Structure formats: structure tokens, C-alpha cells
Amino acid sequence: MALRLTVQVQLVVQALLRDPAREMYGLELSEETGLQPGTAYPILLRLEHEGWVASRWEDIDPRAEKRPARRYYRLTAGGAVQAAAALAAARRPKGTALRRLAGESGIA
Amino acid sequence: MMPGADRAERRKKHARVAGFIALSAVVAVTVLLRPGYQWVSLTVGVCGAIAVAASDLPGGRGRPGPSGERTKNRARAGGFIGCGTIIISGLFQPDWQWLPFAVGVPVVAVLTSGGLRGGGRRGHGQGSGLSRGGRDDDGPAGTAHQWRTLAMVSRLMPGPGGRRWLAEAESLLSEIAPAGRGAAIRSYLLSAPRLVVMMWARETRRRARLGPRRPG
Chain A
1 MALRLTVQVQ LVVQALLRDP AREMYGLELS EETGLQPGTA YPILLRLEHE
51 GWVASRWEDI DPRAEKRPAR RYYRLTAGGA VQAAAALAAA RRPKGTALRR
101 LAGESGIA
Chain B
1001 MMPGADRAER RKKHARVAGF IALSAVVAVT VLLRPGYQWV SLTVGVCGAI
1051 AVAASDLPGG RGRPGPSGER TKNRARAGGF IGCGTIIISG LFQPDWQWLP
1101 FAVGVPVVAV LTSGGLRGGG RRGHGQGSGL SRGGRDDDGP AGTAHQWRTL
1151 AMVSRLMPGP GGRRWLAEAE SLLSEIAPAG RGAAIRSYLL SAPRLVVMMW
1201 ARETRRRARL GPRRPG
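So the sequences go chain by chain: A and B. FYI, the numbering for the first sequence is 1 to 108, going by the numbering used here. FYI, the numbering for the second sequence is 1001 to 1216, going by the numbering used here.
Quick caveat, the hints were computed from the structure, so don't treat them as lab data. Note that the coordinates shown come from a computational prediction; the quantities given were computed from them, not determined experimentally. Accuracy of the hints is not assured; some may be wrong.
[Said to hold, decoys possible] To give an idea of the interface, some chain B residues facing chain A are shown, with a C-beta separation under 8 Å as derived from the structure:
| id | residue |
| --- | --- |
| 1 | Trp1165 |
| 2 | Ala1184 |
| 3 | Ser1187 |
| 4 | Trp1200 |
| 5 | Arg1202 |
Quick reminder that beta carbons are idealized off the backbone N, C-alpha and C, glycines included.
With the rest of the complex left out, here is chain B (with noise of 0.2 Å):
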């Protein structure tokens, strides 16, 4: 394995140790202060639990192959159930929506973007350049790991702008020297909060202007 890819396989370990951590957190915390909304702490550490672990069974992600892309989808599948519950459940107790909210939420776009390497968001021209299982060349310490950030930061633009967002990115960064991919690649993602704001806004206003869907 080549340094940049496993140092990227690293920082996907930490990744995973910090997300146990913060859910281990999320769990302790509500069962030691709160003993009425132990539900609530038992779904969001138990799907995420699972959803975590998953990412890391044998043929998971980085492993190709059929049973591993099984495990793969079940685990998201599972998340995604787990999730959606967890949100709809902190609908009927108003106290404690910020809870599902702030939990739910970054869990769902953490799962989201474990579909990067397999049918998930790509860039123009369906994969080609750094988006491909990965990259030929590792560039400078870490873009592997920028580069699914801005992959699942796409996921929180509206469908098209985020779409050529990534595209455009992608295009962009195949072309930059790869001295200067990891501040370009800060840049985009520097620039993305206020990005997903303005296309949100433009997509309400687009869709308030063409009124309600009707069926047929």
C-alpha cells in the first residue's frame, strides 16, 4: 500500500474510534441525565453503533466484491432506517427534537457518503478522474479523505447544483498541480456553507415559485 493510502486508511480508523466515542457520549449523557429518554439514547447508540461497525466488517468498505457490497448496502439500509426513526420519533417529543436533529443528521451524511465509491454522487463524465475507486496518484497527505468530504458536502446542495458542483471541482482538481490540490480542495470546502445556503435559498424560492407539485 502506497503512504498516502495508508495514511488515509488511518485517518478513516480515527475517524471511526472518534465516531464511537461521540456516540458512546451521546448515550452516556442521556442515560445519566436524562432516565425518562433512554429510548432515545439506546436507538441513536445502537444504529450508530451498527453503522459504524459495519463500515469496518470484513469485505467492507475498501474491500470490493459481492458480499462485501452486500454488507455495505445493509449496514447503510440499516442506518438509514435507524436514522429516520430516530428523527420522526424526536417529532412526537418536542422537548427533544434538537437531540435527533443534532445526532441524526451528520449520521446520515456520513452513511450517505459511503456510497462515494459505488453509484453514490460523481462528477461529470460518471467517475472518471480523482472520483475512481480512489486515486492513481495521492497527491499531497490527506486529499483522498478531502476529496469524500466534498463528495458527501455535495449531498447537502440541492440534486443538480450539487452535482456540477462536485463535477466542476472534480474537473478543476484533475488539471491542478498536486502540490495545490489540498488548498484547492480547502478552498471549495471553505466556500461550502455559504454555497449550500444560496443554492437552498435559490431552490425554495424556484420551487415557491412553481407552487405545488400536483399529481398526474
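Chain A extracted, bound-state conformation (with noise of 0.2 Å):
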């Protein structure tokens, strides 16, 4: 099934895009998003789902750190090409969408 390319996942692959090579992990890419963690995360494994995003746990020992570890989320190299241009067809107004304002503003 082809992903639904909704404002909050466009809201990812943006954050996801402004680096692709930079890997994020959830609270970093909550914040930079404005969205919720547990809004970002189904959106994360749809990515994943899709092979746009690839992910690991981050390799450190919690008990030294004091801390559990991350799930570390970067864009894969057709990942990145994929979400490029599926987020510039996004933002290109749909054919219906241009024809309603064409409509309202006399010029039809």
C-alpha cells in the first residue's frame, strides 16, 4: 500500500530531510517536529514499512549512561530521492484543487 503522505508525515520527512545523513532519534525528531512521540513513532515504522527509513539501537551500555538506549531513525539513500519528490508532488496544488479556485475566482 503506498504511503498517505499526511501533514504530520510530511512534518517527519522534512525534519528527516533537512539531513539525511544525520540520524535522529525520537525525542529529537519530536521536538523538531512539534508532534507528539507517540504520534511520531507509528509514522517512523510506516517509513520503515516502506524501506524510506532505516533504524538501530543505539550501541551503549545504559547502566554506564544511566540511561536506556536510543532507536537512532535516518533516511536511507532511495528513501531520501523517494521522500524528496513525493513531498514536492505534495506540495504541488492538485488539477481538482486549481480548477475550484480557477471556479471561484470568475476566471473558467
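Mind docking these for me? Both chains are given alone in their own frames, and the hints should help you get the complex.
Below you can see the structure in the form of C-alpha cells.
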């Protein structure tokens, strides 16, 4: 099933696209997008299922660091290209919307 | 006891009372409306009442100790057997299938969550952070209770997916400011139903792709 690019998905993709090579963890993404962590997680999971995003657990000793390991996400090479294209397409106004606007302003 | 823990304890007691009332209602309604199905109400009522009451026995939940652990395990095993019986017996009464499922599934979920503090599903790092036998800092009121709900919800997801979800939630909640934890947990809980459906749909597709399991 194709990924639906809702506004929230776009926010997450935009945040990841800012620096595609950079790995980000849930809290960072949540702060950058303004989304609650619980909202961002299903989006990241879907992006991962689509192959746009890859993730890994941080390799640390939780006792030494005194915090649990983080899960880092980053765009895959193919995912970055697909995400940029999908984002550009989502920003383009749809034909029906343009026709409606034209109709409202009496151009058509 | 800290005020937060006290509040959590009160909530647990309220939940138990609510459980008793709900089970009594099931029993009463079935007995009054369908005398022929008294056995269902009896089984549901007795098993549910034992399970709920056992969690509050001396040495029950929140009171560690070998005998307490044994009591808890027995209660859980009794609950599981009881609920399993209800669900299976429901299959032989086609008109009443909804009742065992409606009662059995939530009771199983609640009982399963009882194993959180010992040997239950834990986040990444085996009980580090929030899930380790309660919390060092209580955070906003009710957060400990919500954390248990999170762990319970994770059991509704397919194994690895649920573990990862819980581990990630634990990792993130341990770093979030205490004031924001309640909202973050709520957001996890709100998105959970869709996530459960999504994960199971994916898991079902995966299993269908793999085909039936063959012995050996």
C-alpha cells in the first residue's frame, strides 16, 4: 500500500530531509516536528516499512550512561530521493483544487 | 509513601472495585435475563472475583516476597485457566460467543499485565528506567499507572513489535522532562489502537507469505 503523505508525515520527512545523513532519535524528531512522540512513532514505523527510513538501537551500556538506549532513525539513500519527490508532489496543488480556485474567482 | 505512589495505590484500589462491579453486573444480568446460561455467569464471576481478589491478598501485587510471588502466580494461572475455559466454552454456545470474548479478553489482558514487575514484558535494557519496579521519581500524578497501561497495551501487539514499541517508549520517556511525560504517554496510548491494527495486519501478511508451519 502506498504511503499517504499526511501533514504529520510531511513534517517527519522534512525533519529527516534537512540532513539526510544525520541520525535522529524519537525525542529529537518530536522536538523538531512539534509532534508528540506517540504520534511520530507510527509514522516512523510506516516509513521504515516502506524502506524510506532505517533504524538501529544505540550501542551503549545503559547502566554506564544511566539511561536506556535510543533508537536512531535516518533516511536510506533511496528513501531520501523518494521522500524528496513525494514531498515536492504533495506541495504541488492538485488539478481539482486549481480548477475549484479558478471557478471561484471566475477565471474559467 | 510518596504522594504520587499513594495516588497510584488509590487508583489501583478504584480499578479493583470497578472490576468487581463490572463482573457482578455481568453475573447479575446473565442470571436475571438468561437463567439457562447461569453457568457462564458463574464461571465468569467466580474466576474474575478470584483473580481480582487475589491481587490484593497479603503479599499480593506491590508487596514483594517469595510467598507473595507464589500467590500472584497462582492467581494468574487460575485467571488464565478460568478465562481460557470461558473462551473455549463460548465456542460451543454460538449465540453467546460475544460474552466470553467480551469478558475473557479484557480480563486476560489485565491479568497478563500483572506480570509487569517480574518477568513480564519489559523495555530494551531489561527493566532499566521507568519499568523497574516502580519509579524513582513519580512525575506527574498517575504516570506510573499510565506506564503500566502502556505495558499492557504492548501485549496486544505482535511480540517483537510490541517489545520494540515499549522499549522505544521507555527510552524516550526516560529523557523527557517529567512535566511532559503524562502527555507523551497519552499520545502513545492514543496512537496504540491504530498501531495494533497496523502491526497485526502486517504480521498476518507476513505469516501468510511464509505459509503454514511444518514440524521438524
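Hint check:
1. Trp1165: Since chain A brings a Cβ to about 7 Å from B:Trp1165, closer than 8 Å, the hint holds.
2. Ala1184: 5 Å, holds
3. Ser1187: 3 Å, holds
4. Trp1200: 13 Å, violated
5. Arg1202: At 7 Å from the nearest chain A Cβ, B:Arg1202 passes the 8 Å test, so the hint holds.
The earlier numbered hint that this structure contradicts is number 4, and it is the only one.
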